[in-house]
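Add chain B to chain A, keeping to what the hints say.
Residue numbers (the working numbering), protein chains in the order written: chain A, 8 to 282; chain B, 48 to 346.
Hints may contain errors.
Said to hold, decoys possible - Calculated lysine-lysine pairs in the BS3-like style (CA-CA distance at most 27 Å, straight line):
#1 B:262 <-> A:270
#2 B:55 <-> A:270
#3 B:127 <-> B:338
#4 B:338 <-> A:112
#5 B:252 <-> B:127
#6 A:192 <-> A:270
#7 A:112 <-> A:173
#8 B:338 <-> B:262
#9 A:199 <-> A:270
#10 B:155 <-> B:262
#11 B:262 <-> B:252
#12 B:55 <-> A:173
#13 A:173 <-> A:199
#14 B:55 <-> A:192
#15 A:199 <-> A:112
#16 B:252 <-> B:155
#17 A:192 <-> A:112
#18 A:270 <-> B:152
#19 B:127 <-> B:262
#20 B:155 <-> A:199
#21 A:173 <-> A:192
#22 A:173 <-> A:113
#23 B:252 <-> B:152
#24 B:155 <-> A:113
Claimed, not checked - Computed far set for chain B versus chain A, every beta-carbon distance over 10 Å:
#25 54
#26 90
#27 92
#28 103
#29 120
#30 130
#31 294
#32 304
#33 312
What the hints assert, rightly or not - Quick partial rundown of chain B residues pointing at chain A, CB under 7 Å, derived from the structure:
#34 66
#35 70
#36 73
#37 77
#38 101
#39 105
#40 148
These are calculated hints, taken from the structure and not from any lab test.
As the structure is a prediction and not an experimental result, all values here were calculated from the model.
Virtual Cβ for every residue (Gly too), placed ideally from N, Cα, C.
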Amino acid sequence: MKKKTSIGRIILYGILSLYALITLIPFLWALSSSFKPLSEIVSGAITFIPENFTLDNYRQIFIEEELFPRWMFNSVFIATVGTGLNLIFNSMAGYALARLSFPGKKGLFIIILAVLMIPAQVTMIPNYLILREFGWLNSYQGMIVPSMINATFIFMMRQFFVNFPKELEEAAAIDGLSRIGTFFKVVLPLAKPALAAQAIFVFMGFWNDFMRPLIIMTDSSMYTLPLGLNTFKGQFVSYWNYIMAASMVFTLPVLVIYAFFNKYFIKGLSLTGGK
Amino acid sequence: MNRKYSRKRLQEAGQGYFFMSPTLFVLACFILGPIFYAVFLSFHNVRLLGETAFNFVGFANYERVFDDRRALIALWNTFKYVIIVVPCQTVLAIILAATLNAGMKGEKFFRIVYFLPTLTSSAVLTLIFMWMYNREGLINFGLETLGLPTYDFIGDPNIALTAIMIMNIWATAPFFMVIYLAALQDIPDSLYEAAELDGAGPIRKFWSITVPHLKPITSFVVIMGIIGTFQLFDQSYIFSGGSGGPDNSTLTVVLLIYQYAFKTLDTMGYATAIAFMLAIVILIATLLQRKFSKEENLY
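Isolated chain A (complex conformation) (with noise of 0.2 Å):
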């Protein structure tokens, strides 16, 4: 009985390792790409450890490509702003729907929650339109204003408020603050287990979009850092050494992201799915 155990773990094991493996070898040959001269990626040799070690490439992207700072900084920019409208935006809304009362809110309600199921497809087009109509294509704000609010992390935090205590928010209005000072000096800094979950998926969300600034962004100088990796690939049809190094770099910063957030992505992770 126990040899039979045992031997059901070192199968197990056997499967976790492998799979882990298939995981990390298309990570680890970006990599090490990335650290190989031009020379050596073309020679066909296939070496995981790179013979002629160099940091050429990373130094072309950033020196030699004028546009690729920029991209990087159009990313960062769009990401963290729209973050942060999501942020506030998504909780005062999930926090009216949760306790205030208005006319209308039950029919509010029911349409977010029916556009959860709307395909983006749908309103691609004519948003790209009314965004045109606008003379907001090209600009930050044409990647940011529409997708300021999500309806999933509305209603997520609709959910989180129902459950919220309402106790704290009676004795802050006995103390003299307003429903706004209320909510946020003192609802929205106990939110914050929730805040982080929807701030991680709401900045991937924004950072890996690839079809929005296809659409929105015409001009090579507004492009983020995913439509600037994809001309890049046309650019350089071969530099392959580049084209990794950018995809490192691009990708640095979400890894940093999940090591610092390791606990609220599961927890976001099971709020969505247990849905």
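This is chain B only, laid out in the frame that chain A set:
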């Protein structure tokens, strides 16, 4: 007294609208408005160059789909993709979650490693895979070493879509794995202990306890999978440089919508009609899945 009461209610309503105002603005301008606008567009021929013009064409945009060879190819490709990728990624996710949940040491390490592809953007993943799928790339090298045939993954129309499928199953399964992991925590240990007393082995326990208990989550995972796979775009776009090639083999419905809306002239209305049809297909697939999983629950 009465007046004061109504004033308080009025005040609260005002606060409610204040808190909702950003949401109301976006809903009106960029979600609900555009839906009505999309209905309008889908019945019109849209010309953007010069003076913008809308010509009413009735159902012509919807009818046109059935005469459009590329639309039928895109639909077929997307359908194949959904049918293969959704079951594969679901099964893989369940197996990974069950294996990770077996109480092994280093669970945290594996979990972090497995999650990497989900964090990484589709653009980066596609580029890394294109680099590995290269004629002289890592994957062909591996196949050669094992004595297997090598492929021109990017240039061969028979294999390009499969190459995207493999990549996406690999990239998406860990995301669903995490959802399964959370659900696995809720299965009481006593069930497994009872089964063990009855002499059930690990595979038997997996089929008789784990799988049935995960049914509601599986339903959720399959629906999310269907919605996600029907909307495949980034990977085909980057893989084929926006063309859907080689020989239309990676052309998906959303890529086709993109091409008609933004790359060809005067077909924006037609693109909107296809987008509506896609939305309806996704809705029907979701409802069907729900119906099936409910019937299964009866047994």
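Comparing the hints with the structure gives:
{"no.": "1", "hint": "B:262 <-> A:270", "result": "holds (26 Å)"}
{"no.": "2", "hint": "B:55 <-> A:270", "result": "violated (42 Å)"}
{"no.": "3", "hint": "B:127 <-> B:338", "result": "holds (22 Å)"}
{"no.": "4", "hint": "B:338 <-> A:112", "result": "violated (31 Å)"}
{"no.": "5", "hint": "B:252 <-> B:127", "result": "violated (33 Å)"}
{"no.": "6", "hint": "A:192 <-> A:270", "result": "holds (25 Å)"}
{"no.": "7", "hint": "A:112 <-> A:173", "result": "holds (20 Å)"}
{"no.": "8", "hint": "B:338 <-> B:262", "result": "holds (13 Å)"}
{"no.": "9", "hint": "A:199 <-> A:270", "result": "holds (13 Å)"}
{"no.": "10", "hint": "B:155 <-> B:262", "result": "holds (25 Å)"}
{"no.": "11", "hint": "B:262 <-> B:252", "result": "holds (15 Å)"}
{"no.": "12", "hint": "B:55 <-> A:173", "result": "holds (18 Å)"}
{"no.": "13", "hint": "A:173 <-> A:199", "result": "holds (17 Å)"}
{"no.": "14", "hint": "B:55 <-> A:192", "result": "holds (22 Å)"}
{"no.": "15", "hint": "A:199 <-> A:112", "result": "holds (25 Å)"}
{"no.": "16", "hint": "B:252 <-> B:155", "result": "holds (24 Å)"}
{"no.": "17", "hint": "A:192 <-> A:112", "result": "holds (25 Å)"}
{"no.": "18", "hint": "A:270 <-> B:152", "result": "holds (19 Å)"}
{"no.": "19", "hint": "B:127 <-> B:262", "result": "holds (24 Å)"}
{"no.": "20", "hint": "B:155 <-> A:199", "result": "holds (24 Å)"}
{"no.": "21", "hint": "A:173 <-> A:192", "result": "holds (15 Å)"}
{"no.": "22", "hint": "A:173 <-> A:113", "result": "holds (21 Å)"}
{"no.": "23", "hint": "B:252 <-> B:152", "result": "holds (21 Å)"}
{"no.": "24", "hint": "B:155 <-> A:113", "result": "violated (42 Å)"}
{"no.": "25", "hint": "54", "result": "holds (14 Å)"}
{"no.": "26", "hint": "90", "result": "holds (13 Å)"}
{"no.": "27", "hint": "92", "result": "holds (14 Å)"}
{"no.": "28", "hint": "103", "result": "holds (17 Å)"}
{"no.": "29", "hint": "120", "result": "holds (18 Å)"}
{"no.": "30", "hint": "130", "result": "holds (19 Å)"}
{"no.": "31", "hint": "294", "result": "holds (20 Å)"}
{"no.": "32", "hint": "304", "result": "violated (6 Å)"}
{"no.": "33", "hint": "312", "result": "holds (14 Å)"}
{"no.": "34", "hint": "66", "result": "holds (4 Å)"}
{"no.": "35", "hint": "70", "result": "holds (4 Å)"}
{"no.": "36", "hint": "73", "result": "holds (5 Å)"}
{"no.": "37", "hint": "77", "result": "holds (4 Å)"}
{"no.": "38", "hint": "101", "result": "violated (10 Å)"}
{"no.": "39", "hint": "105", "result": "violated (19 Å)"}
{"no.": "40", "hint": "148", "result": "violated (10 Å)"}
Consistency note: the structure conflicts with the earlier hints numbered 2, 4, 5, 24, 32, 38, 39, 40.
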